[in-house]
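Asker: Read top to bottom, the protein sequences are chains V and W. First residue of the first sequence? That's 1 in the numbering used here, and the numbers climb one at a time after it. First residue of the second sequence? That's 1 in the numbering used here, and the numbers climb one at a time after it.
One or more of the hints may lead you astray.
As the list claims (entries may be wrong) - With a Cα cut of at most 30 Å, we get these calculated BS3-like pairs of lysine-lysine:
id: 1; chain 1: V; residue 1: Lys69; chain 2: V; residue 2: Lys280
id: 2; chain 1: V; residue 1: Lys224; chain 2: W; residue 2: Lys229
id: 3; chain 1: V; residue 1: Lys280; chain 2: V; residue 2: Lys195
id: 4; chain 1: W; residue 1: Lys31; chain 2: V; residue 2: Lys45
id: 5; chain 1: W; residue 1: Lys31; chain 2: W; residue 2: Lys44
id: 6; chain 1: V; residue 1: Lys293; chain 2: V; residue 2: Lys280
id: 7; chain 1: V; residue 1: Lys280; chain 2: V; residue 2: Lys210
id: 8; chain 1: V; residue 1: Lys262; chain 2: V; residue 2: Lys293
id: 9; chain 1: V; residue 1: Lys45; chain 2: W; residue 2: Lys2
id: 10; chain 1: V; residue 1: Lys224; chain 2: V; residue 2: Lys195
id: 11; chain 1: V; residue 1: Lys210; chain 2: V; residue 2: Lys262
id: 12; chain 1: V; residue 1: Lys293; chain 2: W; residue 2: Lys229
id: 13; chain 1: V; residue 1: Lys224; chain 2: V; residue 2: Lys293
id: 14; chain 1: W; residue 1: Lys229; chain 2: V; residue 2: Lys210
id: 15; chain 1: W; residue 1: Lys2; chain 2: V; residue 2: Lys44
id: 16; chain 1: V; residue 1: Lys297; chain 2: V; residue 2: Lys224
id: 17; chain 1: V; residue 1: Lys210; chain 2: V; residue 2: Lys293
id: 18; chain 1: V; residue 1: Lys224; chain 2: V; residue 2: Lys280
id: 19; chain 1: V; residue 1: Lys297; chain 2: V; residue 2: Lys195
id: 20; chain 1: V; residue 1: Lys45; chain 2: V; residue 2: Lys69
id: 21; chain 1: W; residue 1: Lys44; chain 2: V; residue 2: Lys44
Said to hold, decoys possible - Here chain V is said to cover these stretches of chain W; the calculated rule only asks that three of the stretch's residues, wherever they fall, bring their Cβ under 8 Å from a Cβ of chain V:
id: 22; stretch: 1-13
id: 23; stretch: 232-246
id: 24; stretch: 256-262
The set of hints was computed from the structure by calculation and includes no laboratory data. For glycine and all other residues, C-beta sits at the position ideal for the given N, C-alpha and C.
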Amino acid sequence: MARLQRARVQRTRIPHTSVQHTAVVSLVLASCLASSSAAFAESKKEYRFTVGPNAIISVDTQYGAISVKPGSGDQVLVTATLQSENVEVDQQQNGNRIEIASHLLQGANEQAGRVDYEVLIPPDATLNLHSSTGPLSAERLQGDLTLEGADAAVNVHDVENGRVHVRTMRGPITLTDIRNGHVEIASISGDIHLKSVTGPLVQASSGRGKIFYNGDFGSGGDYKFTTHAGDIEAVAPAEVSADFRAHSVLGRVHADFPLQAKHSRFPVEVGRSFIGTSGKASSAVVLRSFSGKIRLKQR
Amino acid sequence: MKCSEVERILSEVLDGASSGTFPTDVDAHVKSCPDCSDLASDLKLIASEARQLAASEEPAPRVWLRIAAELRAEGLIRDSSIIDSSTRDSEPAFARPVIVPVPVPASPGWRWSALWLAPVAAAVLAAGAYVIGHKPAPQVAKLQVPPPAVASPAQVTQAAPVPAAPQQVAKKSVAPAGGNVNGAGNGNETGPAVEAAVEAEASTEDQQFLSVVSTLGPSTRATYENQLKAVNADIRETQAYVDRNPQDVDARQHLMDAYQQKALLYQIALDRIQ
Chain V
1 MARLQRARVQ
11 RTRIPHTSVQ
21 HTAVVSLVLA
31 SCLASSSAAF
41 AESKKEYRFT
51 VGPNAIISVD
61 TQYGAISVKP
71 GSGDQVLVTA
81 TLQSENVEVD
91 QQQNGNRIEI
101 ASHLLQGANE
111 QAGRVDYEVL
121 IPPDATLNLH
131 SSTGPLSAER
141 LQGDLTLEGA
151 DAAVNVHDVE
161 NGRVHVRTMR
171 GPITLTDIRN
181 GHVEIASISG
191 DIHLKSVTGP
201 LVQASSGRGK
211 IFYNGDFGSG
221 GDYKFTTHAG
231 DIEAVAPAEV
241 SADFRAHSVL
251 GRVHADFPLQ
261 AKHSRFPVEV
271 GRSFIGTSGK
281 ASSAVVLRSF
291 SGKIRLKQR
Chain W
1 MKCSEVERIL
11 SEVLDGASSG
21 TFPTDVDAHV
31 KSCPDCSDLA
41 SDLKLIASEA
51 RQLAASEEPA
61 PRVWLRIAAE
71 LRAEGLIRDS
81 SIIDSSTRDS
91 EPAFARPVIV
101 PVPVPASPGW
111 RWSALWLAPV
121 AAAVLAAGAY
131 VIGHKPAPQV
141 AKLQVPPPAV
151 ASPAQVTQAA
161 PVPAAPQQVA
171 KKSVAPAGGN
181 VNGAGNGNET
191 GPAVEAAVEA
201 EASTEDQQFL
211 SVVSTLGPST
221 RATYENQLKA
231 VNADIRETQA
241 YVDRNPQDVD
251 ARQHLMDAYQ
261 QKALLYQIAL
271 DRIQ
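Construct the entire structure; sequences and hints are all you get.
Answerer: Shown next, in the form of structure tokens:
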């Protein structure tokens, strides 16, 4: 009797097992189909251009990442990865000027309209990048750079002797190892991180984002950091050579830094502002906020 | 054939095609692409209307030359001789201007509907500059505040609708340095009524801005709406402080910065819509 019951149980289990197998097979097939269709949809395109010195290169995409690095000699190499057939790449060369742009076709959304670009350019080229979603990155270049994007995270690394202009709505901005740069950064609510950024002009402003600076403020530069509600924190070595002026209209201001008092036409309100000098004061540093906190720290 | 190629040559094709038919490759693309089909229809309509117009009232040649010079100066057109030297011989009098190709938006209509954002963004800055320049308390004068960037209130109101600068526009009608107050009405319209009216206008501008941004999708609209609220709140907060402390030069600079933030928001939106 017990054997009979076991046999019945086994019989009733058989359909269960087969259903499971069918489900597994279906899932595998479905995932294979999905991945193959995705692989079919994604495509790579390469564009090569030959340019002269100081070429101007613009890359503009609504959705997608743009990464730019130095290439070899006078060649511009653009590798575009298109996520679907609902987007195409327009490219145009007029003499020394190259324009690359994603062109959304009907039905393209953020996924289908995405194009990721990897670009190799001559190091001295002027570069204009635009992507709403980003991220945007540029490294080891010496020409003028403009990077713009609403939500795009922006990273610029190891750049010298050029203008670096960055603009975002809420995308965070990180600049590292910028030497002798003319730097202008504006964001509405994105945080701004500057590490080892020096030059004759370094200007950063964010409405509600924070600004962090870690570096020695170079020599002979104007540094202006402004926020409305975001905090500002600057960290510098003890041997920094700069004039400092900090003022927050409604926020607190604090300097963990041995500054020499200095006569100034600006009134000093304890806890809201400080003015002082370190070293030979070769650079001028102005930190301003409406309601954010400002802090100057020694490294 | 790509949309960009079709758009680049469409106007020239239409100019040359007296029969109104396109070459085969262009025709095939136009038939399959709704955007290009719309564009071709629009251009055909414009061309036919223009022909009728030309037949009825042809402006003097100098009018065309002035328009062409303006467009050339703005980079919207260039001479065909620059683009294709082979056609130069066929244009004996002067090179005919050709529309400069521009990056093609997803929907051409968006670009036109969003063009108002550019002057509005500029107007935000102008309003900010006006605020800085037209809050002259006696102490401020001693601090040598720069003169107003905007010459007169009339100019401010004529340039473009000015969002979120209600109190300044209202107060400029009574400001001693304001000069001509025509822009704010007859000079008697001060106080809460005018402030409310201008605030309503600013709100309308913001609504218009958001409706344009809505074309990018509901989540994008929500993002821009939040950013706009934040920027407007910053402007209001700073304005209130400046009203209480008109001698605070730094606070006034922050007010200008807040207006710049709003202008930046408009510019970023415009870039995205284009």
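Asker: Now, for every hint given, state plainly whether the structure supports it.
Answerer: Taking the hints in turn, this is what the structure says about them:
Restraint check for Lys69/V and Lys280/V: the C-alpha separation of about 37 Å exceeds 30 Å, so the hint is violated. Simply put, Lys224/V and Lys229/W have alpha-carbon atoms about 26 Å apart, close enough for the 30 Å limit, and the pair holds. Between Lys280/V and Lys195/V, the direct Cα distance comes to roughly 22 Å. Compliance with the 30 Å bound is thereby established for this hinted pair. Pair hint Lys31/W plus Lys45/V holds up; C-alpha atoms about 27 Å apart against a cutoff of 30 Å.
Note on Lys31/W and Lys44/W: the hinted pairing holds, with a Cα-Cα distance of about 15 Å set against a maximum of 30 Å. Using a Cα cut-off of 30 Å, the hinted pair Lys293/V and Lys280/V holds, with the two alpha carbons roughly 27 Å apart. Note on Lys280/V and Lys210/V: the hinted pairing holds, with a Cα-Cα distance of about 28 Å set against a maximum of 30 Å. Restraint check for Lys262/V and Lys293/V: satisfied, since their Cα atoms lie roughly 22 Å apart, inside the 30 Å limit.
For the hint linking Lys45/V to Lys2/W, the alpha-carbon distance of about 15 Å falls within 30 Å, and the restraint holds. For the given pair, Lys224/V sits about 15 Å from Lys195/V by alpha-carbon distance, which is consistent with the 30 Å threshold. For the given pair, Lys210/V sits about 28 Å from Lys262/V by alpha-carbon distance, which is consistent with the 30 Å threshold. Restraint check for Lys293/V and Lys229/W: satisfied, since their Cα atoms lie roughly 22 Å apart, inside the 30 Å limit.
The suggested pairing of Lys224/V with Lys293/V holds, with an alpha-carbon distance near 15 Å, which does not exceed 30 Å. A hinted pair counts as satisfied when its Cα atoms are at most 30 Å apart, and Lys229/W with Lys210/V qualifies at roughly 19 Å. Taking the CA atoms of Lys2/W and Lys44/V, the gap is near 17 Å; set against the 30 Å cutoff, the hint holds. Of the pairs offered as hints, the one joining Lys297/V and Lys224/V holds, with about 17 Å between alpha carbons and a cut-off of 30 Å not exceeded.
A C-alpha spacing of about 10 Å is found between Lys210/V and Lys293/V, which places the hinted pair at or below 30 Å, so the restraint holds. Taking the CA atoms of Lys224/V and Lys280/V, the gap is near 19 Å; set against the 30 Å cutoff, the hint holds. The hinted pair formed by Lys297/V and Lys195/V meets the criterion: a straight-line CA distance of about 14 Å does not exceed 30 Å. The hinted pair formed by Lys45/V and Lys69/V meets the criterion: a straight-line CA distance of about 18 Å does not exceed 30 Å.
Between the alpha carbons of Lys44/W and Lys44/V the distance comes to roughly 37 Å, so the proposed pair goes past 30 Å and is violated. Counting residues of the stretch 1-13 of chain W whose beta carbon lies closer than 8 Å to any beta carbon of chain V gives 3, which reaches the threshold of three, so the coverage claim holds. Taking a C-beta to C-beta cut-off of 8 Å, the stretch 232-246 of chain W contributes 4 residues in contact with chain V, enough for the three needed, and the coverage statement holds. Restraint check on the stretch 256-262 of chain W versus chain V: 4 residues with Cβ-Cβ distances below 8 Å, three needed, restraint holds.
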